[in-house]
Amino acid sequence: MERLVQCIADNVVSPLGLDSASNYQSVKAGKSGLQHYEGIAMSKIDRMAVDVACKRLDIPSDRYTFFEKILLVSSVQAVRNSGIDASSERVLFIVSTTKGNVSLLGSPAGFPGERVLLGVAARQVSDFFGNPNSPLVVCNACISGVCAQIEAMRALKSGRYDYAVVMGADEQSQFIESGFKSFKAVSDDFCRPFDRDRKGLNLGECAATVVLKASDSVPDDCWELVTGAIRNDANHISGPSRTGEGSYLALMETLRCCRPEDLAFVNVHGTATAYNDEMESIALYRAGLTDVPVTGLKGYYGHTMGAAGIMESILSMYAVRDHTVLATRGFAVQGTTYPVSVSPELRVTDGRQFIKLLSGFGGCNAALLYRLNGTW
Amino acid sequence: MVKDYVILESDRAVVNGRVLEHETAGSAMLAELYRAHIADWPKFFKMDTLSKVGFVASELLLKELGETRHEGEEFVQSRAVVLFGTTASLCADRNYQETISDRDNYYPSPALFVYTLPNIVTGEIAIRNHYRGETSFYVVEKADAAQMAFHLSCAFADTVTESVLAGWVDSRHNDDFQAFFTLVRRDELEGLEDRLKTIMDNLNI
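In the order they appear, the protein sequences are chains A and B.
Here the first sequence stands for residues 1 to 376, numbered as in our numbering.
Here the second sequence stands for residues 1001 to 1205, numbered as in our numbering.
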């Protein structure tokens, strides 16, 4: 019998809260973590709040970098909620990040130089749980969080592992800020996904975790990670495809397992750069998803990079359970060549499945499908 | 006997056991190999070291396999590119950090920044060959044939994927790199770990 994959616990650490439920309630109420800082609008996690959380969770905060601390604060809570024994060799640890501890290159802050290596940083986290396996770091630019869940799903279906702790995070630093600014991709003001007047993205900090379980059946009212696909545009390393090729192909592969009319919504990347949102509208149109509600969360969190695919999947799960299509904050007037069903207001849905879509530098694109089993 | 592999190190290039001749080493050797065996992709000169290494290794392998580029829509979607490494973009990270460390001499460049994402090398290979399948870059603690073989096998869970251009690519400095590439086909997964081990025994990782 084919093994199925169930999501049994989750956590989101962001400026809007240190658990998934408080994040969802804040977003539903229209609150955003974005703030104006000197010369830039960004969503940043409060350093003090993280240290307080570390103390509460018995994480020795002086041993870890900020990046490792937010991964730990998120994954420790998710693992405790799941009730699993994360020290078992049957548990796989996967970390999704784009730049990890890269800020140590600029200010080492007393940490050994090797901590800038992503495998070494990930080991700090898996060692905290006493897990004997070598952790896997998924480093596929902005699609890493969806790829990490897809790889966990495959590893669980193979029978090698029974559980996967899949976490993602990125710390914002001058390194990343200057890079995105050099691409002229950053908006001075709060971002406006899919809007006619969108002027670029905001950067954001977040850590998020899902605990996935392999099982023969997924009970009613539990989440199944059904399928997912990764496809390349084969077009340009930093420019989206004009035909939305990779996103279209990833969507079509995902749609093999569900009908468009059964989707509650597609949670898009929606970075609010001119090119990304236009590309996604083309891919959605080509995939026959013009009438399916579309929602983007960058107006609440900014672009959280390694965390995005995981955090946005988690909030989508909470929204489906709440019969809600979350409002796309920052959107007002349709601004893509192909109109998509995006709204600045909350909408009601009875769908029990959603697609999470991401695209990133390197021409990579990824989509996955989650389903809430059973019926209302 | 293990076939279909390429080894590329700072002072050594090997294709299926044959040592390729070269007069230079390090980054100069990459350019020398490019001119001698590839020569028709000037984008090569814009790439960072990690991408250059991955690009040259992939080209040498594909040439040895004798594959025709762009064999139709079905083929290009069925070919995945899955790479592993420990240092990821560290080399490009250091180069980029240097451009932003001095506030008075501050020149962040998008062409440098983009290579601070290690998966760009998978994108470069996909663009060259029109591959529209999966592209993935995994960072691990150390080169471990069992771990790599497991995750390469997982790639075939995507039913569209029929073959994976797979490899290891690391670069600590512009003149210090280690890589191997091989082709993994859906019907050749048995014994993959041993095949990877045999190739890696010839490599200084």
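Please keep in mind that the hints were generated in silico from the structure rather than gathered at the bench.
Possibly wrong hints are sitting among the right ones.
[As the list claims (entries may be wrong)] With a Cα cut of at most 27 Å, we get these calculated DSSO-like pairs of lysine-lysine:
no.	chain 1	residue 1	chain 2	residue 2
1	B	LYS1043	A	LYS181
2	B	LYS1043	B	LYS1063
3	A	LYS31	A	LYS157
4	B	LYS1043	B	LYS1197
5	A	LYS157	B	LYS1197
6	A	LYS55	A	LYS44
7	B	LYS1063	B	LYS1003
8	A	LYS55	A	LYS157
9	B	LYS1142	B	LYS1197
10	B	LYS1046	A	LYS157
11	B	LYS1043	A	LYS184
12	B	LYS1063	B	LYS1197
13	A	LYS184	B	LYS1197
14	B	LYS1003	B	LYS1142
15	A	LYS199	A	LYS184
16	B	LYS1197	A	LYS181
17	A	LYS199	A	LYS28
18	A	LYS157	A	LYS181
All values reported here derive from a predicted model rather than from experimental measurement.
### Query
Failing hints, ascending?
3, 4, 8, 10, 13, 16, 18
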